[in-house]
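**Student:** Work out the full structure, taking the sequences as your base and the hints as a guide.
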Amino acid sequence: GAVVSQHPSWVICKSGTSVKIECRSLDFQATTMFWYRQFPKQSLMLMATSNEGSKATYEQGVEKDKFLINHASLTLSTLTVTSAHPEDSSFYICSAPRLEGGEQFFGPGTRLTVL
Amino acid sequence: KNEVEQSPQNLTAQEGEFITINCSYSVGISALHWLQQHPGGGIVSLFMLSSGKKKHGRLIATINIQEKHSSLHITASHPRDSAVYICAVRDGGATNKLIFGTGTLLAVQP
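Heads up: the sequence lines are chains A and B, in that order. In this text, residue positions in the first sequence follow our numbering: the first is 1, and each later residue adds one. In this text, residue positions in the second sequence follow our numbering: the first is 1, and each later residue adds one.
A portion of the hints provided could be inaccurate.
[To be verified] Once the Cα atoms are required to be at most 35 Å apart in a straight line, the calculated DSBU-like pairs of lysine-lysine come out as:
#: 1; chain 1: B; residue 1: Lys68; chain 2: B; residue 2: Lys97
#: 2; chain 1: B; residue 1: Lys54; chain 2: A; residue 2: Lys41
#: 3; chain 1: B; residue 1: Lys97; chain 2: A; residue 2: Lys66
#: 4; chain 1: B; residue 1: Lys97; chain 2: A; residue 2: Lys55
#: 5; chain 1: A; residue 1: Lys55; chain 2: A; residue 2: Lys66
#: 6; chain 1: A; residue 1: Lys66; chain 2: A; residue 2: Lys20
#: 7; chain 1: B; residue 1: Lys97; chain 2: A; residue 2: Lys41
#: 8; chain 1: A; residue 1: Lys20; chain 2: B; residue 2: Lys97
No wet-lab data here; the hints were simulated from the structure. Quantities reported herein were computed from a predicted structural model and do not represent experimental measurements.
**Tutor:** As structure tokens, this is what we get:
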């Protein structure tokens, strides 16, 4: 099946720093990618939809200036958590739907810990 | 009320038992996904359904569009099936956005 990778798989950073997370579709082109966050024992929460070549669409309550999304190519989307704070500590997951068939493939996730 | 409801929230079974997890939704959908999330966090897509029934190994998924209900069955359950199972529906619009259920935590004991 199709593969979506994320990098890094985990990151620990100091409060106030910025962290970039990459999401790549390895064997198909993805004009759209989705970014989610997941708190412990909770389900995934959609943060934003990343659109190749255009601005991302953010869900209500998600600060676009804090969570910067760039989808510069058909295989790569990045999420940058700017000026990270401890409350941003979470598990961040991306997914990419394949246009043919609509099946969605999920990345392995990135665990962010902000000290 | 959540747009996607799953039951049960937690399920403990003995190895070999037949397991059923249910999902009901209240919105129009274009497809329904069953996902599996292991403790490490990675999510695997098990099934994508828009009608009828699909089978893969010991897993069976069914959907009834009229009743807005889907079930995931696991036959001859095994401890390695222990995971969180998540039902997610793809909205009926032009996007591929998913709406997630809260998940069912399954523990299969040897």
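**Student:** Are the Cα atoms of B:Lys54 and A:Lys41 separated by 35 Å or less?
**Tutor:** holds, 28 Å
**Student:** Keeping to a limit of 35 Å between CA atoms, is the pair of B:Lys97 and A:Lys66 held or broken?
**Tutor:** Cα-Cα ~22 Å, so holds.
**Student:** Compare the distance between the alpha carbons of A:Lys55 and A:Lys66 with 35 Å, and conclude whether the hinted pair is satisfied.
**Tutor:** It holds: about 15 Å lies between the C-alpha atoms, which stays within 35 Å.
**Student:** Taken at face value, is the distance from the CA of A:Lys55 to the CA of B:Lys97 at most 35 Å?
**Tutor:** holds, 16 Å
**Student:** Is B:Lys68 within 35 Å of B:Lys97, Cα to Cα?
**Tutor:** holds, 18 Å
**Student:** Hinted pair, alpha-carbon criterion (35 Å max): A:Lys20, B:Lys97. Please report holds or violated.
**Tutor:** holds, 23 Å
**Student:** Would you mind confirming whether the straight-line C-alpha gap from A:Lys66 to A:Lys20 stays at or under 35 Å?
**Tutor:** Roughly 12 Å separates the two Cα atoms, so the pair holds.
**Student:** Please verify whether B:Lys97 and A:Lys41 have alpha carbons no more than 35 Å apart.
**Tutor:** holds, 22 Å
Going down the numbered hints, you'll see the structure goes against none, and every one checks out.
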